Amino acid sequence: DAGVTQSPTHLIKTRGQHVTLRCSPISGHKSVSWYQQVLGQGPQFIFQYYEKEERGRGNFPDRFSARQFPNYSSELNVNALLLGDSALYLCASSLWTGGNEQYFGPGTRLTVT
Amino acid sequence: AQTVTQSQPEMSVQEAETVTLSCTYDTSENNYYLFWYKQPPSRQMILVIRQEAYKQQNATENRFSVNFQKAAKSFSLKISDSQLGDTAMYFCAFMKLNAGNMLTFGGGTRLMVKP
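These protein sequence lines map, in sequence, to chains A and B.
Using the working numbering, read the first sequence as starting at 1 and increasing by one per residue.
Using the working numbering, read the second sequence as starting at 1 and increasing by one per residue.
Just chain B, same shape as in the assembly (with noise of 0.2 Å):
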């Protein structure tokens, strides 16, 4: 089985600002894909960011990027240029190659952007 870490419960940062959230995973597959999602206070869950296993290359979402480190079996999220609108719950989440549609989540971190 699949588990997903978030070590942050949460955490702060001023607008304009840049700040990284850590995830961290345990599987034993090779191929698999990797989220970040945002839950702003009205709840409604969105995707932030997406990385495939078997891509090297970093993700980039305007100014949301990952640092992918397979390896080490880690999946930080960087957000630059913090806006308020950027304040929710954060979370990362596992997915194993052709085995459905099963998100595996970690237990979130909330991001406080201030102005």
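With the rest of the complex left out, here is chain A (with noise of 0.2 Å):
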């Protein structure tokens, strides 16, 4: 069974532009949520979609924004990209919501010049 896919791998953008990232869910999972890892650190939570609805916003600014559709997959969206948003972005589902394991695509790689 495939894992976790995300899409594009590396990703080029300038100040100011805005940016899709793509993560399809390994089949049958209804959570997918999303993750920003700064270089050096630790992932920090941004977004967790179960069912096609929200059910968790981390502290991340209104510029960033995300969606889930009927077949599961899940869209990142940062808009106004800043220098400081440059880093791999990880996706991760799971069956449900709420304990189960969670499994992480390979992540794309951002960098904002």
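Quick caveat, the hints were computed from the structure, so don't treat them as lab data.
All values derive from a computational prediction rather than experimental measurement.
In this text, a Cβ means the ideal position worked out from N, Cα and C, and glycines have one as well.
Computed, partial: chain B to chain A, Cβ under 8 Å:
| hint | residue |
| --- | --- |
| 1 | 91 |
| 2 | 105 |
| 3 | 106 |
The following label-pair restraints were derived from C-beta to C-beta distances:
| hint | chain 1 | residue 1 | chain 2 | residue 2 | range |
| --- | --- | --- | --- | --- | --- |
| 4 | B | 85 | A | 20 | 32 to 40 Å |
| 5 | A | 79 | B | 55 | 39 to 47 Å |
| 6 | A | 79 | B | 15 | 41 to 49 Å |
With the hints as a guide, bring both chains together as one complex.
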């Protein structure tokens, strides 16, 4: 079975631009969570979606938004990019919400210049 | 808010030896989950072991075991018979019960296994 997939693998954007990152969960998984991992740090929680509804939001500005589609795939959108948004963005999927194992994708490396 | 602290930024161990990674956390919750995740240089995060706070017995997964001290809010990971493939970043993580899937991660410990 395919694991969690994310696209693109790498992305370079300029300050002020907008970016969309995509995630496909493991088949049958209904929950998708997004994390930001700045180089040398642990991941930080951005959003969780379960059954297409937002179930959790981390301490990130409104420039960050996300959605989940009927097939449970998800998009993370970041507007008005800042240099500080440069990071590895991780997507994790799980069967449901609350305490069960999360499976992480390989991440999207975003560089903002 | 919960915080997770890993006080050892880097550690090294000889192949076949045992190493213990430390993790402390701060929370006012009584029921929660604790995890250790491994992130190899290829960067895909993998779950190593999981502990439910209501369980007194320490979790074990093959060569990996934890020492969970709830009163001390300590959750260390012991790796026995270390292998070269254990070289990775290790993250300790906390999750509240019935609060979605939000993981709070520590800053990580870089483990190098030497031949």
